[in-house]
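*Asks:* The lines below spell out each chain.
Protein chains: 2
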Amino acid sequence: MNEYIYHFSQGSADGTASMKSLLGAKGAGLAEMARLGLSVPPGMTVSTEACRYYLERGGLPPGLLVDVQKGIERLEYITGRGWGDRTSPLLVSVRSGGAESMPGMMDSVLNVGLNEDTVEGLIEQSGDEIFALDCWRRMIQMYGVVVFGLDEELLQVPIDAAIARAEVSVAQDLSAGQWRAVIDEMRLSIVEEVGVGIPRDPTEQLWAAVGAVFESWNSPRAAAYRRLHHIGGGVGTAVNIMTMVFGNLDQKSASGVAFTRNPVTGAPQPYGEYLPCAQGEDVVSGNRTPRLLSAVEERMPAVYAELGSYFKRLEGHYRDMLELEFTVESGRLWILQVRKGMRTGQAAVRIALDMLDEELIDLDEAVMRVDPDRHVPDLLSPIIDPSVERPVAVVHGLAASPGAAVGRLVTGTAEAITRSRRGESVILVRPRTSTGDIDGVSAAKAVLTTTGGLTSHAASVARGLGIPCVCGAQELRIAPDGSGIFIGDNFIARGEPLTVDGSSGSVYLDTLPLIEGGEDERLQRFLEICDRQRRMEIRVNANDLDGARRGSALGAEGIGLCRTEQMLLSDSGRLMAMRRAILVGEEGEAAGALEDLLRFHRHDVAQILRTMMGWPVTFRLLDPPLSRFLPHDEVSINQTAAALEMEPEDVASRVESLKEANPMMGLRGCRLGVVHPSIYAMQVQAIVEASRMVIDDGIRPIVEILIPLVADVEELRRVVDQINQTIAEHLHGAHDSMSIELGAMIEIPRAALQAEEIAECVDFLCFGTNDLTQLSWGMSGEDSRRFMSTYLDEQILSHDPFETLDRTGVGELMRIAIQRGRRANPELFVGVCGDHARESGSARFFESLDIDYLTVEPSDVPMARVAAARAFVAYERALAAARMQAE
Amino acid sequence: MNEYIYHFSQGSADGTASMKSLLGAKGAGLAEMARLGLSVPPGMTVSTEACRYYLERGGLPPGLLVDVQKGIERLEYITGRGWGDRTSPLLVSVRSGGAESMPGMMDSVLNVGLNEDTVEGLIEQSGDEIFALDCWRRMIQMYGVVVFGLDEELLQVPIDAAIARAEVSVAQDLSAGQWRAVIDEMRLSIVEEVGVGIPRDPTEQLWAAVGAVFESWNSPRAAAYRRLHHIGGGVGTAVNIMTMVFGNLDQKSASGVAFTRNPVTGAPQPYGEYLPCAQGEDVVSGNRTPRLLSAVEERMPAVYAELGSYFKRLEGHYRDMLELEFTVESGRLWILQVRKGMRTGQAAVRIALDMLDEELIDLDEAVMRVDPDRHVPDLLSPIIDPSVERPVAVVHGLAASPGAAVGRLVTGTAEAITRSRRGESVILVRPRTSTGDIDGVSAAKAVLTTTGGLTSHAASVARGLGIPCVCGAQELRIAPDGSGIFIGDNFIARGEPLTVDGSSGSVYLDTLPLIEGGEDERLQRFLEICDRQRRMEIRVNANDLDGARRGSALGAEGIGLCRTEQMLLSDSGRLMAMRRAILVGEEGEAAGALEDLLRFHRHDVAQILRTMMGWPVTFRLLDPPLSRFLPHDEVSINQTAAALEMEPEDVASRVESLKEANPMMGLRGCRLGVVHPSIYAMQVQAIVEASRMVIDDGIRPIVEILIPLVADVEELRRVVDQINQTIAEHLHGAHDSMSIELGAMIEIPRAALQAEEIAECVDFLCFGTNDLTQLSWGMSGEDSRRFMSTYLDEQILSHDPFETLDRTGVGELMRIAIQRGRRANPELFVGVCGDHARESGSARFFESLDIDYLTVEPSDVPMARVAAARAFVAYERALAAARMQAE
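Taken in sequence, the protein lines are chains A and B.
Position 533 (the first sequence) corresponds to 533 in our numbering; numbering is contiguous.
Position 467 (the second sequence) corresponds to 467 in our numbering; numbering is contiguous.
One chain only, chain A, in its complex shape:
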């Protein structure tokens, strides 16, 4: 072992599973398997540090060449083959592998070491000219694409031409002579395109491949994947140089992918797919539809038994469901890769619960095994309404990623992106997908492929993204011009609506009705485990009965944000009463309008309080600028004028007079309460009277009033005084003992700084992280869309701060506010109600801030319950680790 090189071979390794950031996930896995004595082809890992050196300085670190050369000599010694030897050549694969699993995203070159000399050695060694030539053409293809950056199609042309010339149906049927011609054409194409050919010297090939892999870290598609999966940049990839083994050597050879448990359902039986006489890339690429692993048992029982014993050892060691890449070369099993298996939400939850029951993991770890963002939505994702009779499916395939989706048929990635940008839902149909399709797949509502199995690229990417996928629908053909698809003789044109059910593998013509994902017993059990493991309360944002009911059903512990303006915007009667209150000049009339609003409000509040049955409900007083309630186009101005018996010009001029240059920072929030106190007074009166009504019904409501957009403590005091006065006026008699808690929104930077004084006036604080982000960044969420993509593409920002909470700026203001607030009032209850509350990545930060509750949209409640539990576990673990380090 030296600075950059980590060797491994069956029974020993320089690295371990814990060295992921140095060796990449793949390298660490190989090292660990080698240590465990699994059958791993010997090789070495070039660490991510070398990659960083390369990316920063534009060259390989000094000494690296010599060390790799020594490693190659070690492989020569172990395998008994020679590097560049024309009788028994040593061939290696060069594969990337970052610290975070990025399946299919990075580049690899196989069969490095082949040239016109060594290929003859390989022919001799294998006794199979076609096999050896096939290895060589694969090497040429991959080298061309990875090192020279050529288009994949360019090097496919000679093969397709040869197939046509030879009048055979697949490349496997080409003769050795035909292959030699193909290879000559390929090499010529490269020289024509690039100006030079692939170097003959194996070492030169190796350096070029290593450099290309390093550079692939910064390729647009790798960057896109990292952004999509929120993997930070700047870490670099490791490179694994490993002795080649050949799944395509003979009929006793095969390549496959296996999962220790079922990655779609989570059922505790191994699941896998393989292709006889094929290299691993053939399985993943989806070019051929593979066979089930169970068939191996019949054909190669010893291999199957060895594999089964590996599954047990690895699961016992890693305590998780694992995915293995394996190759059988002439009956001998080799494991090429191990990693935690990508899984659907169903599988994640089931595996976590099963392993808990199997006592492989504890409660904390079970919680950590389910990703709230990727897994929970799977279980809640739409399904086809079971109450509706289904038509006959037009085609069936493998149920590769669960859930159902409807959308318009598209056959190209570019079209998928374009249409989805226009707001259309699209179903992407492809023969197979490859890494270049990633943007198209993530733009689609569902993916349908004609070839490939559950382990194909399309399937695993769709599962990763949580979108439904049906794979290997072999009866389906895509029209050569892409104008639609054929199923038998049926033609379905591009743009036609389809419904895809990724849970059953069926595809339907037309748009079937979807409903929200149903009850899942395992999910319920898992969510209850999460509830026991978390500290932060999860509440729901709900402004009406429906939201309140859905939130409660999904486990919300009260309403954390009831936006009262939404109540007033919910129907035309309420809206018109609000418009009257704003528009009429006469005080008497305005008072009349306020009376109407009071009645509406009281009714709506009482309904919600009855529904919430004694769970807390936070009513946020009117927040948006008044112009939000007013008509803006001519038609609605005229309608409003007619309804209010006003002149249209008067309405229009009042509307005009309320326009603001920067409405986000204008007369809104509690400024309305200061300038137009009668509106807040009406709202508070309605809340108090509704509370009295439900108390009379025997329900004991817990009512909180939240004051939005506080900028200054004196302003807050004024509004609090007015609210308390209104409460005192309207809460009397038997209801005296009821207390209504008051809170302040912290969404203005100044309020965060003044939190100590503010906390003296209220019982709780609630961070509005959307506005706090806008103001801390001086960046309107709406307007930033047009330049945020530049900031992300150019890696100036790693995240859009409106999607991922900015801990540096917004986070510091939150920390300051909580520290100061609790200094004044140690009992201060603190919540978060911005969009960031739903974001699991920020949950741990909120946990570390000692936030008491998060309030999220109804559909996000289950995710938030999981995220809060994970945050608690992760934070406690980090604290324990810090304590241990301190001791």
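FYI, nobody ran anything at the bench for these hints, they're computed from the structure.
Fair warning: there could be bad hints in the mix.
[As the list claims (entries may be wrong)] Result set (SDA-like, lysine to any residue): computed pairs, CA atoms no more than 25 Å apart in a straight line: (1) A:K659 / B:R628; (2) B:K659 / A:R785; (3) B:K340 / B:T435; (4) B:K659 / B:R628; (5) A:K659 / B:P631; (6) B:K312 / B:D357; (7) B:K659 / A:R654; (8) A:K659 / B:H632; (9) B:K659 / A:R786; (10) A:K659 / B:L658.
Computed from a prediction, not measured in an experiment: that's the story for all the values here.
Start from chain A and add chain B according to the hints.
*Replies:* Using the frame of chain A, we list chain B on its own:
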């Protein structure tokens, strides 16, 4: 002495001059004069603490009555008179007096103790029935207004009616019988209006008067005065209860006001005015035009001599120009009040310099004697263009407050306010002004009165506000219906233009041309003293030659903010090139437009650098959203389309596409530099090339580039890298050694928090306090106008944060930014370029933050030089005081 009562009489006092906050300015002055042995009527001061107790709890503090009663007994003992005694009654005045001088703003009641019994005693004692009755009716009038809150006019009616009935011209000519009838009518009016009369019991009168004075602290007009003069609320007023002395007793009696130096010119001779046989209020009210003090020398030489000796003692003691109220009662001089004399800017500067030369004060103190906001503008205030021949003045009066103004004639306060809100300039003409006119006076460009002298209310308020005033223009009469004014037989209608020259006392018909205040030698000397006493640099905001020249002429030490967008908006050629760069789709055309802009920019930058002759110039790169440069109405869209050979629809749609919901927080500032790097590159190239040109001319320019709207350090790094690259590309050859410093605007809260990282990338920071205020408060400066008045009127905020820097929020962010910035870069140069930079009230705060420079509009440069000097002196004094306390 006890808790609330501080006694004083000639030769002794409980209080001292330093107890202003406890005794009010008036009470502290009386105490000090009594200690110095000046002839002060005996009395007592009820402290501001009693007032605070009263305002907070709604009643007088316990024990206060007994203590005041004891104080009254002491006055009985000293004066030999009896409280409520019908033969020799003790009468007192009850006057308010806050810690800060608020001339005429607070209430007083004189002759307390008079009733139907004691008035007979006063008649006997004085031997003058009419005098005694006059005292009584004054007491009734003041009591009615102050205690009962009656309208002044109501109690004037019986007097006017009696004058009419008696067919005399002034009240002084009424007989004793007529006065008795008047008094009966007044007392009847009060009973009819209020339901009760003035209590007969002197003690009851006293309590009611004290309570009314306490309450007057919260009167709207007192609150308005405090707001206008930025005097904080919540302190309360003291009450001075003092034995009455009568300037209206006989022909050897008089009342007057005297200044130890001339308050208009500052000339070192005493100046004063008096009225024989009058009470003090007659002098101040402006009802009668008083005589000059010098006349006293002839008529009462002993009094004059005594007064002169007092001037010397007091100036020697207070080391400042003082204003005294005095009364002569039957030849005996009494001093009723002393305070620092209000003065014009001319006087302030002259007195400061004279006292410095007289070695009464030192350099530091001289600096503190001139108020940058009130005094400096006086010296810079407009004058009538001396190069133009003046017409004959229509009327002359006393030159009561210097400077000239033009505006339309108005005769009423309400009209003055209405018209000035509409943006009109008005000249307010009144017989006299009283405290109720304060809002009208401050709305006017100049004030003209028919009666009253230099010490009248109108004169002193106008001087306080720094607006021109001509007083006592006796030839002028206001039409009874207010429709205009008569000067002799000439009628000048309301709305006609007038020019008032407050420096000469002349008034002209029509609008004369005004020019900026001329060079004043004393001012120059004073400013140079300030330059020596200050630490903060003063720079100027200038975007063109004119601004650069004016700023330099007024003493700016470089340009602190050159807004490059203003250069591009300065003429239609530049504007159209900018529009072309934004609007044309073709890259080639855009490049052409950028070439044009480069040429324009280079020319403008070179001009400014040449003008500034080696002083530093800070160019701020483009800041506003691009839509700022685009046409928005149909006509200009069509013109632009024609000029750019585009279709109007294309222009309109591009304009539409650049619209933003909240442009203040949209694509602007350095975000432009990130999204459209070619624009910033063009600007930097222009700056570099212009610098090379002026270097070739032999000027060594100091160039700084300021990057606006920084939110994030990575964003800044990107822009800094681009700038440095452009500099490196275009700065070569002989100019290599030139260095261009880079700075970041701190105007986004997040940038303040990230200042440590930011400071590592730049040489200087500049706070944009306007935007920092907007974002810290979540309040658009533009939109807040419509609700800020409510916040101020209801005393939720003491200041508009856009006028006065908010130290709590914005100030804390500044403190954090400076602390963090200097942690990374101890040499970091830090400035302020928001509107607050010109605000003298914040200068001391900036001084305490160790701000290096302030940059202000050209006309504000002299004020800023004074403010910076005062800030330095004040801060050093505060530090010294703190050190002393620590030792």
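*Asks:* Please flag the earlier hints that this structure goes against, numbers listed from lowest up.
*Replies:* Violated hints: none at all, because every hint is consistent with the structure.
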